[in-house]
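Use the sequences and the hints to build the structure in full.
Listed below, chain by chain, are the residues.
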Amino acid sequence: MATPLFEQLNTQAKLAVYAIQERALLSWNAVRFIFVRPFYPADVIQQMDSIGVDSLFIVVLTGFFTGMVLALQSSASLASFGETAMIGRLVTASMIRELGPVLAGLMVAGRVGSGIAAEIGSMRVTEQIDALNTLGTDPIKKLVTPRLIAALVMLPVLTVINDAVGIIGGNVISTLYVGVPSSIYWRTVWDQIASDGFTGRFIPNDFIQGLAKPFVFGGIIAITACYHGLNTTGGTEGVGQSTTRTVVVASISILVVDYFMTQLLLGVLNPR
Amino acid sequence: MSDDDEPTAEDQAFAGRVRRAIRDELAADKVEARKSQPPAMPRIPRPTPTGMTCSARRSSTPANVSPVIALERVSLSFERPVLEDVSLEIYPGETIVIVGESGTGKSTALKLILRLLVPDEGRVLIKGRDIVSLSFDEAMVVRQQMGMVFQGSALFDSMSVFENVAYPLREHTTMSDDEIDARVREKLQFVDLVPDDVMALLPAELSGGMKKRVGIARGLANNPEIMLYDEPTSGLDPLTTGTITRLIMKMQRELGVTSVVVSHDIRSANRMGTHIAVLAEHRIVFCGTPEEMAASEDRYIQDFLGGL
Numbered sequence: 001m002a003t004p005l006f007e008q009l010n011t012q013a014k015l016a017v018y019a020i021q022e023r024a025l026l027s028w029n030a031v032r033f034i035f036v037r038p039f040y041p042a043d044v045i046q047q048m049d050s051i052g053v054d055s056l057f058i059v060v061l062t063g064f065f066t067g068m069v070l071a072l073q074s075s076a077s078l079a080s081f082g083e084t085a086m087i088g089r090l091v092t093a094s095m096i097r098e099l100g101p102v103l104a105g106l107m108v109a110g111r112v113g114s115g116i117a118a119e120i121g122s123m124r125v126t127e128q129i130d131a132l133n134t135l136g137t138d139p140i141k142k143l144v145t146p147r148l149i150a151a152l153v154m155l156p157v158l159t160v161i162n163d164a165v166g167i168i169g170g171n172v173i174s175t176l177y178v179g180v181p182s183s184i185y186w187r188t189v190w191d192q193i194a195s196d197g198f199t200g201r202f203i204p205n206d207f208i209q210g211l212a213k214p215f216v217f218g219g220i221i222a223i224t225a226c227y228h229g230l231n232t233t234g235g236t237e238g239v240g241q242s243t244t245r246t247v248v249v250a251s252i253s254i255l256v257v258d259y260f261m262t263q264l265l266l267g268v269l270n271p272r
Numbered sequence: 001m002s003d004d005d006e007p008t009a010e011d012q013a014f015a016g017r018v019r020r021a022i023r024d025e026l027a028a029d030k031v032e033a034r035k036s037q038p039p040a041m042p043r044i045p046r047p048t049p050t051g052m053t054c055s056a057r058r059s060s061t062p063a064n065v066s067p068v069i070a071l072e073r074v075s076l077s078f079e080r081p082v083l084e085d086v087s088l089e090i091y092p093g094e095t096i097v098i099v100g101e102s103g104t105g106k107s108t109a110l111k112l113i114l115r116l117l118v119p120d121e122g123r124v125l126i127k128g129r130d131i132v133s134l135s136f137d138e139a140m141v142v143r144q145q146m147g148m149v150f151q152g153s154a155l156f157d158s159m160s161v162f163e164n165v166a167y168p169l170r171e172h173t174t175m176s177d178d179e180i181d182a183r184v185r186e187k188l189q190f191v192d193l194v195p196d197d198v199m200a201l202l203p204a205e206l207s208g209g210m211k212k213r214v215g216i217a218r219g220l221a222n223n224p225e226i227m228l229y230d231e232p233t234s235g236l237d238p239l240t241t242g243t244i245t246r247l248i249m250k251m252q253r254e255l256g257v258t259s260v261v262v263s264h265d266i267r268s269a270n271r272m273g274t275h276i277a278v279l280a281e282h283r284i285v286f287c288g289t290p291e292e293m294a295a296s297e298d299r300y301i302q303d304f305l306g307g308l
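Sequence lines, in order, name chains H and B.
Just so you know, my numbering puts the end of the first sequence at 272, numbered straight through with nothing missing.
Just so you know, my numbering puts the end of the second sequence at 308, numbered straight through with nothing missing.
Be careful, since some hints might not be right.
[Unchecked claim] Simulated restraints, written as ranges between beta carbons of each label pair:
no., chain 1, residue 1, chain 2, residue 2, range
1, H, Gln12, B, Phe136, 39 to 47 angstroms
2, B, Gly242, H, Phe215, 56 to 64 angstroms
3, H, Asn10, B, Glu186, 56 to 64 angstroms
4, H, Ile45, B, Asp157, 15 to 23 angstroms
5, H, Phe215, B, Asp157, 26 to 34 angstroms
[Said to hold, decoys possible] BS3-like, lysine-lysine: derived pairs with alpha carbons at most 30 angstroms apart:
no., chain 1, residue 1, chain 2, residue 2
6, B, Lys250, B, Lys127
7, H, Lys142, B, Lys111
8, B, Lys111, B, Lys127
9, B, Lys111, B, Lys250
10, B, Lys111, H, Lys14
11, H, Lys142, B, Lys127
Bear in mind the hints are in silico, worked out from the structure with no lab data behind them.
Beta carbons: idealized from backbone N, C-alpha and C, even for Gly.
Right under this line is the structure:
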């Protein structure tokens, strides 16, 4: 009986395409409303506080321990080549290019994405979204756009802090545990930053790669969370499902997009 | 305890057989008990629903006055029909209460008036203007002429009572802060709340009845010509139900707003409605004044009045 199976696959494929289309529409409207009055600056600042400042602690903690463990792991490998002085380069490259953006993205997806989905989902099931509509306010403009702006701005900021704290964490281990002097560590850090060349003479290519990613990840987290929140059905149980779905979809999307962005950016910034 | 006291595999198998036998016995008893019960009372058959125009209008209304809200032969279905060939006219200052069993499309009618939904067929007119073909932004403007009170009040959790009531004023008017403050106080007083006592409170700190009143105040903030209520008295105690009903009557009396109320509460419907429409099987099967409804000899209407 191939027909029912085919029909099921066909339905699933249509649903998947529909979901992508809905996300794209939501993204487009949220971006469009950035430039349309009325603006909600107070909401944007409140969301920046919620997404950025409130996430600072977990991001700093994640960055510090990641930097330390990177230094620890690489010291063992580099020691076999007698190149422990290169710890700074390894930690810096790993943090700025990959671990800083991805870990900040994953932490924020877990902490903030779930919060946004739960908040908007609760508003949906308690008819507050309908109330916004009937009061003549577009919920996308009032709820999604401020969160999108806040995430687009704050995720790169969090990533920079994550990178910096991670490199400092690496310095702590390389100095106290491996025995590489701080001056050498920081010189190798700069060597790494300068090694991949500059765009416009002054902007290191590593920074471009390290900041383009969190910008995109911020968008993924905000849109995924708002999409699942706005489409919540089924009361409080539905809110729980939206929250879970947001964390899973946003985290997987971050990891998949990270790969393709890396390939794209390496091609653009370091053409072989 | 000696080894002889330990249950053997045979003992356990025997115990399992006994448990299964008892369970089967009990299940058989239940089946017998069900068979011996008298059959459920057959439902009184409904009249065959026919499409009709329900007109909420007094005999004293001049002929040249046109309805504020009109649904013309509206049909809507999702996976199954929700409304079929529904026609409704509500004239200025009238309060129509739409009653009916759950799932008959009562709340859908409100959403059509608000243009949160668009009908598959038919027209929805607000003050003579067809709102079905409006764009999303144009519909937003039309909605500003209406106040909506939700079943669960739908107050914004993160805002205080003052901010909730002031919200439509901040969004759509150029009123100064002092004017907004005065308007919010006026509306809170209208719904019998003491402004200074409640303005700073969050919705979570209010009782169900107070939430409902703040919801009405928010709906009224823009001085709308049309008020829509979705189950305004559901989940409230009888005293608060009476208070909310009186409040809706007061709005009709003092402000002359045109109202559409969706309700299960037939007693409140009789008090507040100038007209009552009964929805059954996605159509209007009765339309008239509360007195006409009480006098109706239709068996479905009688059954409906008796069952609620």
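Self-check item: Non-conforming hints, listed in increasing numerical order
Solution: The structure breaks only hint 1.
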